[in-house]
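Novice: Order-wise, the sequence lines are chains A and B.
The numbering used here puts the first residue of the first sequence at 1, with every later residue one more than the last.
The numbering used here puts the first residue of the second sequence at 1, with every later residue one more than the last.
Please note that a few of the clues may not be correct.
It does not matter which identical chain is meant; a pair holds if it fits inside one copy or across any two.
Said to hold, decoys possible - With a Cα cut of at most 27 Å, we get these calculated DSS-like pairs of lysine-lysine:
#1 K319 with K254
#2 K173 with K216
#3 K285 with K336
#4 K303 with K336
#5 K318 with K166
#6 K26 with K177
Source of the hints: derived by calculation from the structure; they are not laboratory data.
2 protein chains.
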Amino acid sequence: MRLIQYMGVSLLASSLLFGASDLMEKATKAGLKPIPNEKEALQKLIDPKGMITPERVELGKKLYFEPRLSKSGLISCNTCHNLGMGGVDGVSAAVGHKWRANPHHLNSPTVYNAVFFDKQFWDGRSPDLENQAQGPMQAAPEMAAQPSLVEARVKAMPTYVEAFKKAYGKEVKVDFKTITQTIGLFERTLVTPSRFDAFLQEDENALTDEEKEGLKLFIDMGCTSCHTGIALGGGMRPFPVAQPYKYANVGDFKGDKNGMVKTPTLRNITQTAPYFHNGAIWSLKEAVQEMGRTQLGKEISDKDAEKIVTFFHALDGKKPDVAYPQLPTATESMPKPDMN
Amino acid sequence: MRLIQYMGVSLLASSLLFGASDLMEKATKAGLKPIPNEKEALQKLIDPKGMITPERVELGKKLYFEPRLSKSGLISCNTCHNLGMGGVDGVSAAVGHKWRANPHHLNSPTVYNAVFFDKQFWDGRSPDLENQAQGPMQAAPEMAAQPSLVEARVKAMPTYVEAFKKAYGKEVKVDFKTITQTIGLFERTLVTPSRFDAFLQEDENALTDEEKEGLKLFIDMGCTSCHTGIALGGGMRPFPVAQPYKYANVGDFKGDKNGMVKTPTLRNITQTAPYFHNGAIWSLKEAVQEMGRTQLGKEISDKDAEKIVTFFHALDGKKPDVAYPQLPTATESMPKPDMN
């Protein structure tokens with residue numbers, strides 16, 4: 001009994017000794033970075049080329065919610081990257097045109113904070129959000145729309161054409177590239193500062209003691225070798241490393257040509273189940289443990305996994321306010337919806 | 001030449017002689033009514049039972065945008081009744097679960113101003129919006145969710161349960177009836193005042209001369225025998241009356257057991273193509289002319305149909321501002337999406 005008490009005191013003491021500022025330093029050393037809370041610094045980071053303007057973002061938002069960019073007229077970017085659901089669809093494999101699931105059984109990654117990723121798509125084949133937006137729009141099991149169709153639809157809505165002129169000047173070419181670029185510019189604004197950012201920015205009390213403990217464990221375990229940077233992820237990494245992934249048989253995704261897979265962000269991770277590239281794991285705790293096995297070759301105990309999950313709640317971010325847009329009215333010349 | 005000039009002057013004179021106040025009176029006699037602009041009168045009209053509270057409307061809005069109320073987790077009320085697209089989906093026949101089109105090839109009617117309809121659904125089988133909301137949620141080719149599934153999903157999101165308690169009191173039963181009722185209460189608020197309302201409320205200049213001419217023609221032709229009341233529609237009427245409907249072969253809908261069909265509202269009609277119960281006509285002018293033939297036994301000239309369409313633009317209403325909702329996070333116990 002005495003011994004147990006003594007151990008309790010000792011543990012408490014050690015956790016007090018290892019204070020918040022040590023933890024901040026530890027986190028920073030592990031490569032974890034906050035979303036800048038200074039407006040200009042953030043702007044520079046999300047818009048290095050200085051392309052963002054309020055007109056373009058507003059137009060990009062409309063296009064993001066625009067189902068008529070899909071062949072059927074029913075699927076928008078927001079269908080799979082739902083801004084009200086952590087930027088995802090909450091299903092294992094994305095479902096699109098004709099109710100087809102993603103042929104590789106790939107899970108829709110979140111659009112929130114995707115601006116901080118090194119690359120886009122699970123295999124990192126796209127360098128940025130503007131380029132990424134071109135993919136799902138054309139993919140047969142997603143929005144299934146040829147660029148010419150997307151252009152014809154948008155051009156058949158005079159309000160859009162006017163908005164493009166306002167956003168880019170009268171000489172603008174309302175083409176597939178400009179349309180997808182504008183969506184990308186809107187997506188760049190979708191960042192979600194969290195209590196974790198406040199903590200990294202010197203607010204010691206932004207995290208609870210339990211969250212701090214989870215963060216420490218997260219770093220000590222080695223999770224930050226992949227889940228690092230502002231996004232706590234977003235870079236290309238080998239997967240799996242130590243042991244085969246338990247649900248490798250779900251879908252046929254093997255990563256890029258070097259077997260590298262994009263590390264998902266951990267921001268808002270409590271809101272973006274199911275997990276892994278093939279959405280095979282619904283429990284965040286199980287996901288942490290599976291990551292321990294596949295990537296670190298470690299059995300993470302239930303207790304430790306729970307602590308790490310507790311920390312993850314500090315990554316739930318404040319979403320930007322989005323007024324649901326009123327979309328333009330089509331002229332009769334607009335190419336009709338096509339369900340086939 | 002003189003004669004033509006004389007006729008021109010005469011027409012102009014007669015349109016001036018028949019002034020705005022005469023037209024207002026004529027419209028009122030034809031049963032056309034404005035959306036009240038006095039807040040209390042409007043409230044009484046849309047909420048005769050005094051059920052609406054801000055908490056219920058906010059919760060109802062979340063549920064309206066909630067795809068997890070569908071079996072797949074992908075289809076929300078807003079999928080077919082898109083608040084950014086005049087309250088419709090813009091396709092001929094609604095498409096839902098497993099990409100199935102409505103088996104009767106029925107077109108999704110607008111949710112805007114539906115509170116002013118006498119009955120809900122094309123065959124008027126539902127008395128109100130609360131009751132209506134129960135239909136599509138369960139229908140196999142729409143959201144395809146059994147009441148028990150809807151309840152289990154909602155209950156697996158603690159934030160919803162809390163919101164129901166806040167909205168109805170701690171003893172609330174979070175069941176299918178309360179869930180759909182809450183959606184109905186939100187829908188009651190979706191009214192869109194227009195320039196036409198301002199005109200009926202004595203603002204003579206709210207309509208252009210061309211719109212006034214279209215309105216006069218609209219009444220004189222007899223359109224108001226069905227398109228009347230606040231919604232300019234929403235009542236059950238025989239269809240077709242004078243001649244067979246040109247696209248009667250699209251789908252098998254024959255109306256209710258007495259052959260009555262709900263008259264669609266004309267509010268926001270410029271935004272809700274395609275037209276008719278089976279969405280077979282994409283041109284508003286053609287729709288007007290087809291109505292003339294089927295219901296009034298009249299050939300409406302191109303010119304007259306265009307004038308009536310010009311008036312319809314005055315029915316485009318101001319949509320309520322809707323902040324896109326952040327939906328609750330699910331617990332792991334939530335029943336999984338099911339695509340089959």
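Novice: Checking an output row: K26 and K177, CA cutoff 27 Å. Within, between, both or neither?
Specialist: Neither way: K26 and K177 sit 43 Å apart in one copy and 52 Å across, limit 27 Å.
Novice: Under a CA distance limit of 27 Å, which applies to K319 and K254: within one copy, between copies, both, or neither?
Specialist: neither (32 Å within a copy, 47 Å between copies)
Novice: Measure nothing new, just compare the shortest in-copy and cross-copy C-alpha distances for K303 and K336 to 27 Å and report within, between, both or neither.
Specialist: The answer is between: 26 Å across copies meets 27 Å, while 55 Å in one copy does not.
Novice: At most 27 Å between CA atoms: does that hold for K173 and K216 within a copy, between copies, both, or neither?
Specialist: Cα proximity of K173 and K216: none, with 51 Å in one copy and 42 Å across.
Novice: Between the shortest in-copy and the shortest cross-copy C-alpha distance, which are at most 27 Å for K285 and K336: within, between, both, or neither?
Specialist: Cα proximity of K285 and K336: across copies only (17 Å, versus 46 Å in one copy).
Novice: With identical chains, the pair K318 and K166 could be close in the same copy or across copies; at 27 Å between alpha carbons, which is it: within, between, both, or neither?
Specialist: between (30 Å within a copy, 23 Å between copies)
Checked against the numbered hints given earlier, the structure breaks hints 1, 2, 6 and satisfies all the rest.
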